[in-house]
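Going down the list, the protein sequences come from chains A and B.
Going by our numbering, 72 is the number at position 72 of the first sequence; the sequence numbering is gapless.
Going by our numbering, 353 is the number at position 353 of the second sequence; the sequence numbering is gapless.
Just to be clear, a hint being listed does not mean it is correct.
To be verified - Listed next, the in silico DSS-like pairs over lysine-lysine satisfying Cα-Cα at most 25 Å (straight line): (1) A:K6 / B:K586; (2) A:K6 / B:K521; (3) B:K379 / B:K240; (4) B:K582 / B:K379; (5) B:K586 / B:K521; (6) A:K15 / B:K586; (7) B:K601 / B:K586; (8) B:K379 / B:K367; (9) B:K601 / B:K521; (10) B:K521 / A:K15; (11) A:K6 / B:K601; (12) A:K15 / B:K601; (13) B:K521 / B:K582.
Said to hold, decoys possible - Pair by pair, the computed Cβ-Cβ distance ranges are: (14) B:I397 / A:G48: 28 to 38 Å; (15) B:L33 / A:G48: 52 to 62 Å; (16) A:I70 / B:L13: 24 to 34 Å.
Claimed, not checked - Looking from chain B toward chain A, a few residues come up when the C-beta cut is under 10 Å (computed): (17) Y112; (18) V126; (19) N285; (20) D289; (21) W294; (22) S333; (23) F342; (24) M591; (25) D593.
Derived by calculation from the structure, the hints in this document are not laboratory data.
Given the structure is predicted, the values throughout are model-derived calculations rather than measurements.
We treat Cβ as the ideally placed atom computed from N, Cα and C, and that holds for glycine.
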Amino acid sequence: MPANTKASHQMHWLKTRNLTYVILALWVLFGIIIPWFAGSLNAYSFLGFPLGYYFCVQGSLIAFVALIWIQNWRQDAIDDEFGVGDE
Amino acid sequence: MSTESVSKRPAFLDNLGKVYLLYTLGFLGFFALMAVFESLGGSAQAIGIGFLLFTISIYAVIGWLSRTAEVDAYYVAGREVPALYNGMATAADWMSGASFVALAGGVYFGGYPYLGYIVGWTGGYVLVNSLMAPYLRKFGCYTVPDFVGTRYGGNTARLCAVVILVVASFTYVTAQINATGTIAAQTLGISFELGVWLGLLGIFICSMLGGMRGVTWTQVAQYIVLIIAYLVPIIWMSNKQGFGIIPHFSYGGAVARVAELEAQYGLTAALQPMAGLSVLTTPHNAPGDSMSSWKMVSLSICMMAGTASLPHILMRYFTTPSVRSARRSVGWSLLFIFLLYFSAPALATLTKLQLLDPTLATSIIGKSFADVANLEWVKHWTSVGMLAVQDQNADGILQLNEFFMRPDIVVLATPEIAGLPFVISGLVAAGGLAAAMSTADGLLLAIANALSHDLYYKIIDPAASTKRRLTVARVLLLFIGAAGALVASLKLTGILGAVAWAFDFAASGLFFPLVLGIWWKRANTAGAIAGMVGGFASGSLYLYLVFNKIMDPWLGIDDIRFGIIGMSVSVVAMVVVSLMTKEPSKEVQAMVDEVRVPSGKTILSSGH
Numbered sequence: 001m002p003a004n005t006k007a008s009h010q011m012h013w014l015k016t017r018n019l020t021y022v023i024l025a026l027w028v029l030f031g032i033i034i035p036w037f038a039g040s041l042n043a044y045s046f047l048g049f050p051l052g053y054y055f056c057v058q059g060s061l062i063a064f065v066a067l068i069w070i071q072n073w074r075q076d077a078i079d080d081e082f083g084v085g086d087e
Numbered sequence: 001m002s003t004e005s006v007s008k009r010p011a012f013l014d015n016l017g018k019v020y021l022l023y024t025l026g027f028l029g030f031f032a033l034m035a036v037f038e039s040l041g042g043s044a045q046a047i048g049i050g051f052l053l054f055t056i057s058i059y060a061v062i063g064w065l066s067r068t069a070e071v072d073a074y075y076v077a078g079r080e081v082p083a084l085y086n087g088m089a090t091a092a093d094w095m096s097g098a099s100f101v102a103l104a105g106g107v108y109f110g111g112y113p114y115l116g117y118i119v120g121w122t123g124g125y126v127l128v129n130s131l132m133a134p135y136l137r138k139f140g141c142y143t144v145p146d147f148v149g150t151r152y153g154g155n156t157a158r159l160c161a162v163v164i165l166v167v168a169s170f171t172y173v174t175a176q177i178n179a180t181g182t183i184a185a186q187t188l189g190i191s192f193e194l195g196v197w198l199g200l201l202g203i204f205i206c207s208m209l210g211g212m213r214g215v216t217w218t219q220v221a222q223y224i225v226l227i228i229a230y231l232v233p234i235i236w237m238s239n240k241q242g243f244g245i246i247p248h249f250s251y252g253g254a255v256a257r258v259a260e261l262e263a264q265y266g267l268t269a270a271l272q273p274m275a276g277l278s279v280l281t282t283p284h285n286a287p288g289d290s291m292s293s294w295k296m297v298s299l300s301i302c303m304m305a306g307t308a309s310l311p312h313i314l315m316r317y318f319t320t321p322s323v324r325s326a327r328r329s330v331g332w333s334l335l336f337i338f339l340l341y342f343s344a345p346a347l348a349t350l351t352k353l354q355l356l357d358p359t360l361a362t363s364i365i366g367k368s369f370a371d372v373a374n375l376e377w378v379k380h381w382t383s384v385g386m387l388a389v390q391d392q393n394a395d396g397i398l399q400l401n402e403f404f405m406r407p408d409i410v411v412l413a414t415p416e417i418a419g420l421p422f423v424i425s426g427l428v429a430a431g432g433l434a435a436a437m438s439t440a441d442g443l444l445l446a447i448a449n450a451l452s453h454d455l456y457y458k459i460i461d462p463a464a465s466t467k468r469r470l471t472v473a474r475v476l477l478l479f480i481g482a483a484g485a486l487v488a489s490l491k492l493t494g495i496l497g498a499v500a501w502a503f504d505f506a507a508s509g510l511f512f513p514l515v516l517g518i519w520w521k522r523a524n525t526a527g528a529i530a531g532m533v534g535g536f537a538s539g540s541l542y543l544y545l546v547f548n549k550i551m552d553p554w555l556g557i558d559d560i561r562f563g564i565i566g567m568s569v570s571v572v573a574m575v576v577v578s579l580m581t582k583e584p585s586k587e588v589q590a591m592v593d594e595v596r597v598p599s600g601k602t603i604l605s606s607g608h
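Based on the provided sequences and hints, a complete structural model is requested.
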């Protein structure tokens, strides 16, 4: 493959990787840290729910759905920027 | 036959929206018809039979229309499934009899640590999307071991992946066939063993002729049935009992009320426990100390990593037309799964409130013992041995620790507790059957495909003709299904125990070899084999020791969380061995670079 394509692919991968790291950090927050501290969060209330309970049954789930859609939206933009979007 | 299916396909794909809309309306129409039939005096059993026969015949028709003689269609549905429909198919593939039947009951009895399943079985999809699906789609493999075998090279790595896949999926599939049998037996009034074999027959109809293509289009149909069957009773019950039009966002008050009532009645163990049945002893929402946090989070981590390495899920993303549509379909999958998962805790809470709260007409705790024992639904579930009320302290009043129930009947019994018509119970049975059948289809296909493609074609007989490959695949499907039904009829574990194990097996053996194969160029063959063998063997050994009580669990890591042990060993073994041995060849490293670029040709060509 030509040198400039190679450099462009490397840049594409760098951006893809950084986006993935950000998404995974948020995943740790909603999937591990918040459920861990559910007990303390229960002191607050949200929509009438104890907050910690709310995250475990609804809030984190909504966050996961949003994370995937946001990641895909950003990833499509990165792919298009480097001309490797496949559609 | 193949020319006929080629000319039919485009027309069907262009009209997917219309076809499934018509199907959904047809199903709702059938539901209305059954409701009328009930009001004219139709029996509960006739309604149940009607629901099962109607839905199974539709799946059978779809299975027949999707028959194929092409390798690409059989293994990956021709790679032409649009993202939205692949999302529905994945959701059905994913949500098993356990999710549908047992999840709400688990939340009812398990309290906070159990919520690890809810968070884990949804959060895993973030991993599927960021780490796995798009890259495996670009790879162009037919099965998960196909990726392992090509990325790491050599038959040993491929064979290790096949073994782990078979163990994990087989553990899971027996639970699904068990659930199919339970539902068929209860609804049709036949024996459990006969129910198991009848359920298996239904599963074969969907998968034998069309392979992945047949399974895909029946799974879409099954998703529609299962989600209607899960949401309609919850919303109906909520409206009837005055909990709000859509209870999901407003049951916060019920959570607080349940906590009050639990304190009032006291959560104590039964005076005389009954085998197989439980009384409520875990508070609904009381996270407590860091040990309970660890129990919740460790369970959730095992389920998340397992989600991202279970082959029957990953292979669904091989069926989309492109890398971008594979990613998009992960988004749809989780959205469709979310609809059920955020409903299950609502259902568990409201059902509990209905039984406990003395201000509600449906309550039984604290009522006169004789009255409760005479309730229709109590009598019905007692007669099949899934519920019991016993006045163990002989005070004539039903106490909380005198009400015994099998956890997995919460969903099935709720319509009766709330006094909904029979037609709802028929609907729930059809939904549970759809959930169990669709997951069993996916799992059986994953096992049979790995054995026929990776073991038979890639290792034993690479010169086999297309016809022979597909014949082998179908015969294997038949044998594995029969073996699964045989094991299921022995009733070894409850539905949920076996399901959690499947996730732990997959996470222990496959998670790191798959992730690092894409994300770490330095990962090599020896490392991958060490990771698979080390993780899988240590996890299995730990399970064996803890489950048989030969040793005490470390740090509360019990038999449903052994993936924590397996994964830790797997990642250490894989990294250390990879670094100690030679780095992969230039070609392999170039292949990894190529996988990371979404556009262009797949690594493995079609029909490989």
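(request) Just pull the numbers of the violated hints for me, sorted ascending. (result) Going through the list in order, the structure violates hints 4, 15, 24 and respects the others.
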